[in-house]
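Asks: Protein sequence lines, in the order shown, are assigned to chains S and R. Counted from 1, the first sequence has number 755 at position 154 by this note's numbering; the numbering is strictly sequential. Counted from 1, the second sequence has number 772 at position 171 by this note's numbering; the numbering is strictly sequential.
Take the hints with a grain of salt, since some may be wrong.
Note that the list lumps identical chains together, so a pair holds whenever it fits in one copy or between two copies.
Using 20 Å as the maximum straight-line C-alpha spacing, the simulated PhoX-like pairs for lysine-lysine come out as follows [stated by the list, open to error]: (1) 807 / 757; (2) 662 / 754; (3) 807 / 750; (4) 754 / 798; (5) 754 / 791; (6) 710 / 607; (7) 662 / 690; (8) 791 / 690; (9) 750 / 702; (10) 757 / 607; (11) 757 / 645; (12) 662 / 747; (13) 629 / 607; (14) 690 / 645; (15) 750 / 662.
Hints listed in this document are in silico derivations from the structure and should not be mistaken for laboratory results.
2 protein chains.
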Amino acid sequence: MLEELKQHYGYMFEDELIQEINNVGTYKEIPEGFKLIEIGQYIKSMPLLVSGAIKILREDKDGDELILYFIEQGDTCAMTLSCCLGNSKSEIRAVTETDTKLIMVPVAKMEEWLSKYKTWQQFVLQSYHNRMSELLEAIDTIAFLKMDKRLFKYLKDKAMVNHSDVIYVTHQQIASDLHTSRVVISRLLKTLEIDGKIELNRNNIKILDL
Amino acid sequence: MLEELKQHYGYMFEDELIQEINNVGTYKEIPEGFKLIEIGQYIKSMPLLVSGAIKILREDKDGDELILYFIEQGDTCAMTLSCCLGNSKSEIRAVTETDTKLIMVPVAKMEEWLSKYKTWQQFVLQSYHNRMSELLEAIDTIAFLKMDKRLFKYLKDKAMVNHSDVIYVTHQQIASDLHTSRVVISRLLKTLEIDGKIELNRNNIKILDL
DNA sequence: TAAATACTGTAACTATTGTTACTAACAAAA
DNA sequence: TTTTGTTAGTAACAATAGTTACAGTATTTA
Numbered sequence: 602m603l604e605e606l607k608q609h610y611g612y613m614f615e616d617e618l619i620q621e622i623n624n625v626g627t628y629k630e631i632p633e634g635f636k637l638i639e640i641g642q643y644i645k646s647m648p649l650l651v652s653g654a655i656k657i658l659r660e661d662k663d664g665d666e667l668i669l670y671f672i673e674q675g676d677t678c679a680m681t682l683s684c685c686l687g688n689s690k691s692e693i694r695a696v697t698e699t700d701t702k703l704i705m706v707p708v709a710k711m712e713e714w715l716s717k718y719k720t721w722q723q724f725v726l727q728s729y730h731n732r733m734s735e736l737l738e739a740i741d742t743i744a745f746l747k748m749d750k751r752l753f754k755y756l757k758d759k760a761m762v763n764h765s766d767v768i769y770v771t772h773q774q775i776a777s778d779l780h781t782s783r784v785v786i787s788r789l790l791k792t793l794e795i796d797g798k799i800e801l802n803r804n805n806i807k808i809l810d811l
Numbered sequence: 602m603l604e605e606l607k608q609h610y611g612y613m614f615e616d617e618l619i620q621e622i623n624n625v626g627t628y629k630e631i632p633e634g635f636k637l638i639e640i641g642q643y644i645k646s647m648p649l650l651v652s653g654a655i656k657i658l659r660e661d662k663d664g665d666e667l668i669l670y671f672i673e674q675g676d677t678c679a680m681t682l683s684c685c686l687g688n689s690k691s692e693i694r695a696v697t698e699t700d701t702k703l704i705m706v707p708v709a710k711m712e713e714w715l716s717k718y719k720t721w722q723q724f725v726l727q728s729y730h731n732r733m734s735e736l737l738e739a740i741d742t743i744a745f746l747k748m749d750k751r752l753f754k755y756l757k758d759k760a761m762v763n764h765s766d767v768i769y770v771t772h773q774q775i776a777s778d779l780h781t782s783r784v785v786i787s788r789l790l791k792t793l794e795i796d797g798k799i800e801l802n803r804n805n806i807k808i809l810d811l
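Using the sequences and the accompanying hints, generate a full structural model.
Replies: Structural data, given as structure tokens:
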């Protein structure tokens with residue numbers, strides 16, 4: 602774990618802090634599609650992402666989902682920070698988008714380090730800043746774009762975090778992530794295909810215009 | 602200013618910090634409709650709200666607006682925090698919704714206090730948490746509600762921060778805040794009136810079903 | 001007072017998104 | 001192989017939101 606830490610967080614944290622994280626953190630390898638955080642759940646530890654990607658989702662009153670953004674390597678979940686420090690329940694769901702390696706840090710330490718390490722404080726504040734920006738971008742996407750643009754942006758983002766121009770997903774899954782219906786997605790995907798931006802196959806989509 | 606500070610922030614900050622804020626902060630009274638922060642602008646000081654309300658807006662590529670939320674007494678603008686600490690430009694616009702009293706704190710001090718005062722650190726993190734929640738609520742509203750519900754929520758929120766069941770606003774202004782067209786708003790307002798939820802007058806709307 | 005401007009109401013039409021229903025292709029399980 | 005379930009394509013229609021156009025009323029300005 603120490604190697605991973607140094608490689609991904611060494612440029613940011615001093616050795617002493619890296620050492621502390623190494624002592625109290627637990628290294629985990631999680632497969633794709635695993636639910637890391639559920640809405641309403643209290644958070645006991647915070648994930649530091651080493652590799653892979655996590656999908657952050659919001660839920661409406663009927664239990665239908667909406668994707669907010671993806672988190673990638675070097676990030677942490679600011680929502681988690683928020684919940685820990687406010688001692689409140691999670692307002693979002695977090696699901697691994699790909700196979701993921703992460704280091705779990707207990708909440709108690711997190712607070713302690715805030716006073717002890719300036720770099721940790723910087724990291725926490727920077728994470729808040731990043732997540733705030735991502736939320737604003739999510740709002741832009743939802744409020745300002747029509748569904749066809751939103752869909753194409755979603756496909757490109759998904760291709761990005763999966764490091765592949767072919768994404769394995771069904772129309773129904775896309776519809777869930779974008780909080781619309783399968784028929785709408787199928788229709789728009791077909792249009793994108795006709796426009797030569799994607800190639801449709803069963804269970805997967807190839808993005809041509811990346 | 603000291604009186605105002607003690608009254609609104611005394612329960613939260615220790616005397617020493619209150620004293621420091623009193624020393625370096627500037628007290629300001631701002632009329633309704635004043636632009637406090639503009640998109641793309643660097644922030645040099647942070648507002649602590651004493652009384653009144655501030656409207657936070659996002660802008661699309663065509664320059665059209667969208668309201669995110671209102672900030673009230675006891676709050677600060679977490680976006681400002683975010684910008685200061687990240688040394689980045691503002692991603693939002695802030696306009697006084699009512700006549701407003703606030704205390705401006707220079708950025709430099711803000712960072713210094715983070716290490717010096719635990720309560721300040723708590724305040725900053727709490728502000729991030731609150732703003733994150735508000736952004737999530739904004740997303741819920743935009744993504745999950747149809748325009749008629751959004752409109753009614755907007756009217757109620759506006760009545761709330763103005764402490765009045767009569768709000769003085771034109772259909773065009775509402776349309777701008779909700780990022781839609783005047784005709785749509787007029788149409789939906791008429792429906793709300795027929796349903797007995799509001800009373801329409803020239804330049805003002807009375808909310809009956811608060 | 002007359003003219004110009006701002007605000008609201010409404011009709012008619014278009015565009016976008018959501019819903020229901022049905023078909024066909026494919027894949028996994030019995 | 002047959003059955004069952006999953007996935008995708010498409011038509012037809014409904015609901016919601018956006019646009020254009022115009023009229024009437026109130027308010028401000030010349």
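Asks: The structure should be examined with respect to each hint, and the outcome stated for every one.
Replies: Going through the hints against the structure:
1. 807 / 757: within (10 Å within a copy, 46 Å between copies)
2. 662 / 754: between (26 Å within a copy, 16 Å between copies)
3. 807 / 750: within (17 Å within a copy, 38 Å between copies)
4. 754 / 798: within (12 Å within a copy, 39 Å between copies)
5. 754 / 791: within (16 Å within a copy, 37 Å between copies)
6. 710 / 607: Within one copy, since 19 Å is at most 20 Å while 32 Å is not.
7. 662 / 690: within (16 Å within a copy, 35 Å between copies)
8. 791 / 690: neither (40 Å within a copy, 39 Å between copies)
9. 750 / 702: neither (32 Å within a copy, 42 Å between copies)
10. 757 / 607: neither (30 Å within a copy, 51 Å between copies)
11. 757 / 645: neither (33 Å within a copy, 37 Å between copies)
12. 662 / 747: between (23 Å within a copy, 14 Å between copies)
13. 629 / 607: Classified as within; 16 Å inside a copy, 48 Å across copies.
14. 690 / 645: within (11 Å within a copy, 34 Å between copies)
15. 750 / 662: between (26 Å within a copy, 14 Å between copies)
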